[in-house]
Amino acid sequence: MATIDTAEPEVHRESRLATAGYFIRRYPLGAAGAVIISAFVLMAIFAPWITQFDPTLTNPRVSLAYPGGAHPLGADFMGRDMWSRIVYGARISLAVGIGSTGLGCLFGVTIGLTSGYFGGWYDLLVQRLMDMMQSLPLLVMALVMTAALGPSLSNTIIAIAIPLVPSVARVIRSNTLMLRELPFVEASRAVGMNEFAIAIRHVLPNTLAPLIVLATAQLGSTILVEASLSFLGLGVPEPHPSWGRMLSESAAEYVRVAPWLVIFPGAAISLAVFGTNLLGDALRDILDPRQRD
Amino acid sequence: MAAYLIRRFLLMLLTLFGISVVIFALLRVVPGNIADILFSASGMINPEDKLEIERQLGLDQPIYIQYVHWIVGLLHGDLGYSYVSEKPALDEILPRLPISGKLAGMALCFAVMIGIPLGVISAVRQNTLLDYVLRVVSLSGLSLPSFWLGLLVLMLCVRYFGWIPIYTEPPKTWWNELALFAIPAAAVGFRSSALMMRLTRSSMLEVLRQDYIRTARAKGASYAKVNFVHALRNAVLPIITIVGIEAAFLVGGLIVTETVFNIPGVARFLVEAIRWRDYPIVQNLVMFIAVCVVSINFLIDMAYLALDPRIAYEK
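Chains A and B, in that order, are what the protein sequence lines are.
Be aware that the first sequence starts at 1, since it is given in the numbering used here, and climbs by one per residue.
Be aware that the second sequence starts at 1, since it is given in the numbering used here, and climbs by one per residue.
Just so you know, the hints here were simulated from the structure itself, not pulled from any lab data.
Idealized CB from N, CA, C, for every residue including glycine.
It is possible that part of the hints are untrue.
[Unchecked claim] Where chain B lies over chain A, by a calculated footprint (3+ residues, C-beta under 8 Å):
1) 82-88
2) 150-156
3) 228-240
4) 272-278
[What the hints assert, rightly or not] Calculated Cβ distances over 12 Å to all of chain A for the following chain B residues:
5) Glu-54
6) Ile-114
7) Ala-218
8) Ile-239
Starting from the given sequences, assemble the full structure and let the hints guide the process.
Written out as structure tokens, the structure reads:
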């Protein structure tokens, strides 16, 4: 493969473009999802360049300013610019979403791979533990975890990551159980590879497809859980601008006087989650054809 | 069969035991207990008073003794006392249960009534514009946070009716109650209905491809009869699973929705208790949720056995 790449770079680029074109035609909704997520990622990266105000800067003179002018999305009670807060909020949402999904997958894959590959009493023990963790709804588990850890950005990531572990571990384990019986694993063993090396070099890469599908689906739900936790005042603390907490600050009383404080953060959450869900569905169709409708 | 039931039941008890240990341990690693909170709030630091409070609450005992106390009490129906109100935890939790129960029930009804028919329609009309629209709507249902949906509804009510449908006093008639709960229930149920719709659709598509469906059509069974009797009946098993799981997982939606609409149910109470580190309330409520989820899973397995004679558990 590598030799072909260096020999014919133009052909390779063209084929990649063609692949992208095919993806857009075949999965228009998935492509839309990818565009939405990319927009949020760009927003998070270039936050300082596309905003005028510091998201934590208060200014009593523009308290509850109507959208328009210097504050395109209005300002909140403390006069903080909503556009800046939404843009910087993308950083928090994505940091928590990607961080906790990544952490959850890391633990889930480690546990699923080892328990599926090595089996025995260790597998049995791990499975019971996963059963227990799955007996609590994601939000409740995350709530208990935040209560235990205390509120902070990194604790929120951990609190959301831990409840994700069982579902990832389940999927990876069942894939590993199937993979370890296949001839190429036996061949590696016959060649004299040690068991750990087989698990990591040969079994793990083959579980990537379901993992990607699962991770994309989980990314949306982690963003939602972060928003819910912050909405309840138990998630990401001040001064980080979190979309969920913006809604709790602006809840009941501002519903009457400043609807823009309710509409924009909620729309940002919904759009981000919608984007990951669209992309997740398309990826599932591509990578996991058994589930294709 | 009997052996399977017993094994399954014992496994359920083991899971519950494990959860109780995990919850108890998690809540004990919390930095600071109620005594610390009381004292840091009031600003007075008298170590003797603090020790006295800890002794009264039993917080000075070793952690395993505290655990045994809790479990033994739980089995006798004694849930301890709320640290905050100092009333028995049972008296705090019980009156709140029916409120959340009704809300969850209504949300589930809403989800089933909307989600399943739309899922069937979407599957029957696969790859038409209608199917496309329904799929996007259901996906958006999974993306909207239910608290935002609730806030939007509140906003519309204020704008067009000048009235906020939040809970201020207990409803007097059942009609009042229905009206009061309908909006929050819909906000909670919207997500579940989206999930049910998606699952019904894919489950129906699977069944519609089967040979016996073609046979039914060939022998002239009506359109509606094929779709709703022949197909849906066989597609219903996975749907039951999701109804069951959603019933338990509605709790997540209840927590935020009860907060938005100011409904004094158990779900909002859980959040308040977590804020106050009211251990007896938190651990009992979380345990209660776990018991609900685990028993529902058990019931789903039983339902599978009863509904699908093809499944036989020999192990």
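Flag every earlier hint the structure violates by its number, smallest first. Hints 1 and 2 not satisfied by this model.
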